[in-house]
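One line per chain: the protein sequences are A and B, in this order. Final position of the first sequence in this note's numbering is 149; the numbers increase by one with none missing. Final position of the second sequence in this note's numbering is 275; the numbers increase by one with none missing.
If you're looking for bench data, these hints aren't it; they were derived computationally from the structure.
Computed list of lysine-lysine pairs in BS3-like fashion (alpha-carbon distance at most 30 Å, straight line):
#1 Lys211(B) x Lys54(A)
#2 Lys124(A) x Lys216(B)
#3 Lys142(A) x Lys60(A)
#4 Lys185(B) x Lys85(A)
#5 Lys211(B) x Lys232(B)
#6 Lys149(A) x Lys268(B)
#7 Lys265(B) x Lys142(A)
#8 Lys185(B) x Lys60(A)
#9 Lys211(B) x Lys265(B)
#10 Lys85(A) x Lys216(B)
#11 Lys265(B) x Lys139(A)
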Amino acid sequence: MKLWLGTTCLVVIAAAVSISAQSADTRAFRPGARVYITEMPDDFDSFLKAALVAKKVPLNVVSSRDQADFEIKGSSETQKASAAKKAVLLNWHSDEQASISVSNLVSGEVIFAYTANKKSSTHGKQSTAEACAKHLKERLQKAK
Amino acid sequence: MLFRILVASLATSLALSIATPEAQTTFSQDEHGRIPRGAKFFIGPIGSGYDIYLAAAMMKKEVPIVMVTDRDRADFELSGVTESEKAGWAKIVFWGNTSSSEQASIKVVNIKTGTVVFGYNVNKGSSTRGKQSSAEACAKHLKEKIESGQ
Numbered sequence: 006m007k008l009w010l011g012t013t014c015l016v017v018i019a020a021a022v023s024i025s026a027q028s029a030d031t032r033a034f035r036p037g038a039r040v041y042i043t044e045m046p047d048d049f050d051s052f053l054k055a056a057l058v059a060k061k062v063p064l065n066v067v068s069s070r071d072q073a074d075f076e077i078k079g080s081s082e083t084q085k086a087s088a089a090k091k092a093v094l095l096n097w098h099s100d101e102q103a104s105i106s107v108s109n110l111v112s113g114e115v116i117f118a119y120t121a122n123k124k125s126s127t128h129g130k131q132s133t134a135e136a137c138a139k140h141l142k143e144r145l146q147k148a149k
Numbered sequence: 126m127l128f129r130i131l132v133a134s135l136a137t138s139l140a141l142s143i144a145t146p147e148a149q150t151t152f153s154q155d156e157h158g159r160i161p162r163g164a165k166f167f168i169g170p171i172g173s174g175y176d177i178y179l180a181a182a183m184m185k186k187e188v189p190i191v192m193v194t195d196r197d198r199a200d201f202e203l204s205g206v207t208e209s210e211k212a213g214w215a216k217i218v219f220w221g222n223t224s225s226s227e228q229a230s231i232k233v234v235n236i237k238t239g240t241v242v243f244g245y246n247v248n249k250g251s252s253t254r255g256k257q258s259s260a261e262a263c264a265k266h267l268k269e270k271i272e273s274g275q
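Chain B extracted, bound-state conformation:
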């Protein structure tokens, strides 16, 4: 009898794992603006390919999210804007500084509820690594937000 129950429960769990592979990765989305670890993020196209810089920054900073290329599979959408300004001649002549100025702004929206759960602006007057620096600043703060659990 015990063996039959064991077999039945094993079969049910295996059948469930085949039928609904995404059931393991689903989570309850918090209504209070929390971003759970392992949440699926879609990064929308941002000017100058900044979305790809952001994806790389998320990887480098080990932000605990899963990035997907299909919005329908995502729980959250990240969108933003960015602007770069090359070093002018005066900056180069007087300061010997060729670094660009970078600014970027991102926001994260819960796709189901439409709530903005995170927003961040970054401004680098003399960005050592251009867009990479601003993207990594955004990723770092997003990671803090997720890890804080707030």
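Bound-form chain A, shown alone:
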């Protein structure tokens, strides 16, 4: 009787562990994950959203933080070409730098982060946003 009870208990616990592992798995950062992009300085979030589409990053961007499993935070900085750079180097392009981090909203863990730095960026913020999107896509493809 005791042996039967012990075995039943073990089976129930094993099932609970399996269910718990599956529910955690659905929140894994893989293609199709729901992400919320927070507001960023200089509207870099808009550039990032456009870049995610341009680079075909397989993520579902949601408009509400409550619907998301992951959150993307970021920062961006633009340095316009100075008069000296234009006059001496004949270069009108801006210098861009941006950084993003992706965190799991449930565990609070930062699972991905990337910094892009473009000297004389041909397409301004678009270049850094697309660099971030490209590396995010690579990270997702590894998680497949």
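Add chain B to chain A, keeping to what the hints say.
What follows is chain B alone, placed relative to chain A:
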């Protein structure tokens, strides 16, 4: 009898793994300023979004820590300051150098004891990659500190 003991011990270990999932990741914090591998770090907000550059640098340099966004879940808190200075016209005209000057300072505090366990300053006169360079220098030295085990 042996089978019963085996079943009981398996059940206990499984129950423990469900009830206290964080028990596996906890560690004893050293009182002598050591930062153990796998420690949970909270990076507080730093001006100009430098905290995000630092998070990216930690990833790139493979610093053996877990970064969390909630201070209550962290063992250590990283805070800092940063300052950038654009290249002036003289630097561009005479040196043909458009790189900015960067300086940053970080400190790591053990949240439980309040002890400062690590501090580092970086100063780049002509930073090739702006904030990224200074953030990666900080990450590199933090990694050295953790790996040295001191």
